[in-house]
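Residues 1 to 586 (the working numbering) make up the sequence shown, in order.
Derived by calculation from the structure, the hints in this document are not laboratory data.
Here are the simulated EDC-like cross-link-like pairs (lysine to aspartate or glutamate), alpha carbons at most 20 Å apart as the crow flies:
(1) K420 - E472
(2) K95 - E114
(3) K348 - D370
(4) K348 - E338
(5) K343 - D281
(6) K579 - D281
(7) K107 - D82
(8) K95 - D80
(9) K420 - E400
(10) K341 - D281
(11) K107 - E94
(12) K420 - D408
(13) K107 - E93
(14) K228 - E338
(15) K228 - E344
(16) K341 - E585
(17) K348 - E585
(18) K95 - D82
(19) K107 - D80
(20) K228 - E340
(21) K343 - E585
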Amino acid sequence: MMDTKPQLASDQQPWYRGLTRYHWWVLMMAVMGWMFCTMSQHFFTLGRGPAMQQILNNDPVVPGLEQLGEKPLRRYTATDLDVLVAAGTLSPEEKAALLTDSRGATKSYASRKEVATVIGRHVLWPAWVERGEHKLADERIMYESFGPAELQTLVDKRVLSREMADQHLADNPDRVIDRGALAGHIGFELAKARADKAGDDATFIFVMGWALGGLIFGWVGDALGRAKTMGLTIIIYALFTALNGLAQTELQFNVFRFLAALGVGGEFAAGAALVAETMPDRSRPAALGAMQAMSAGGNMLAAVLAMLVLPLLGWRWLFAFGAFPLVVALLVFLKLNEPEKWKEARRKWLAERAAGTTQKLAAYGGILQDARWRHRAVIALLLGVVGVGGLWGVGFFTPELNRMIARDYSPERAEGFVSKAFFLQQLGAFFGISAYTILSLRMGRRPAFAFFFVIAFVVVAYTFLFANTIWEAYLLAPLVGFVTLGPFGGYAIYFPELFPTRLRSTGTGLGYNVGRFLAALVPSFKARSKEMFMAGTLALPFLPSAVGDAERAIRYGSFLMIFIYIVGLVVLIWAPETKGQPLPED
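Please build the complete structure, drawing on both the sequences and the hints.
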């Protein structure tokens, strides 16, 4: 009894009391490595759209358009039109006509719609006829002009959305639409559609690389050491993120992104194991929670840099900032040592190998051959699938939902709203991860997970079923971040507590990253749900009738994703509680 009193008193002290300078150095390096890792992840999320538009436009549908920027302009001045004339897209006479109003007076600019009509009539439409692009080569829809019946044909062929057809009819009281105007309207969206498809493909490749990197470097972390593996993964994700800025083709972009993802996937397990084994037991949960909480800081840093860099310097310079963590990697190799617990586990393994009685070190077989570690690996894997599946489902759909809520805004104002909402979501994530840390210390790991799974179900359901205004989106964004990122604080704290030293990095990487394979399917799920709504085979109650098919698809997809949190509640029934226990050993 006398031995327990000092321990109780020590436990009541602040977690940071008594930490040495080296403890703080390890925590700082782990925090920076993971924070910049999440920054790299969101450079991809925020920069892939502009990147794909520019890369795909290296073979442009409209000559000269790519010289005017990565997005179509809202207004075209005489200088802008001169670029199109020089490229042969417009004739001098067409330029003059575009800058003359109905009374014969000279205008300072032509509208996007006016330019689109001319380009559509003389450039896009003939190109589509020749190449059969966008299904417009079908002889049954080769009309000089379009009325309601012809527009319905395009809607039936999935060439045109119902919303776009209604907009054209509303803009033309005589209900006759010139084919040039129609082709121009579709044409300016063609580059974006191609970029969206390429972006989904790049996301699939990135997430698969992330998952594979977690499995590979989880093993490497147990075999070669925590510090060395963390430094190596930082070099990989930083180097190839920067090289993404030099990509000239879609293939190059995807190869660099896949290689960067290998490092992204491996960094967390190595960093978490390093902190868990270096910190005193009483400081370990809070230190790991702080490390994970700063991942939201990396997300917010990426959002701020994107807002500053993308408009001024473009997406290539945004990815160039991804090289900065190379400095952190250098410090890791110069300043950090391997934890004593890892050194002791390796010495024990080497001695057992010499005696011929060794267990498997740093191998997935080492987890599978022992029923205790196998059970814990399954629990970690399923909890990881719940968190990653829920987060990526919401993460993919939230920006698109917010763009639809801001449908009446100008494109520039709408993107500003989306960026601000994303920043608020990440701010909420910081507090969510911090809240999990506090709850897990007071209530235990399992009750804290259960709390977040329940409120995530409620908040996400309400957001995607009922949020329809800008202010609702602003108010709900931090709550969505709070509930969807909060469980990730648990992964940093809980997963290293489930496995012995010889398997800690492997087990943590397995639990945290296998869910990425599920997340890789989210873009396909998103596209399929949209197709089903457009075909009228799905319906969702509660949504107002004014909500269009595309918006219903986004809301429906996210609504389905929330049921994964129910799976999480079931998994917790068999999850062991680790609160107040030392790290396990064989």
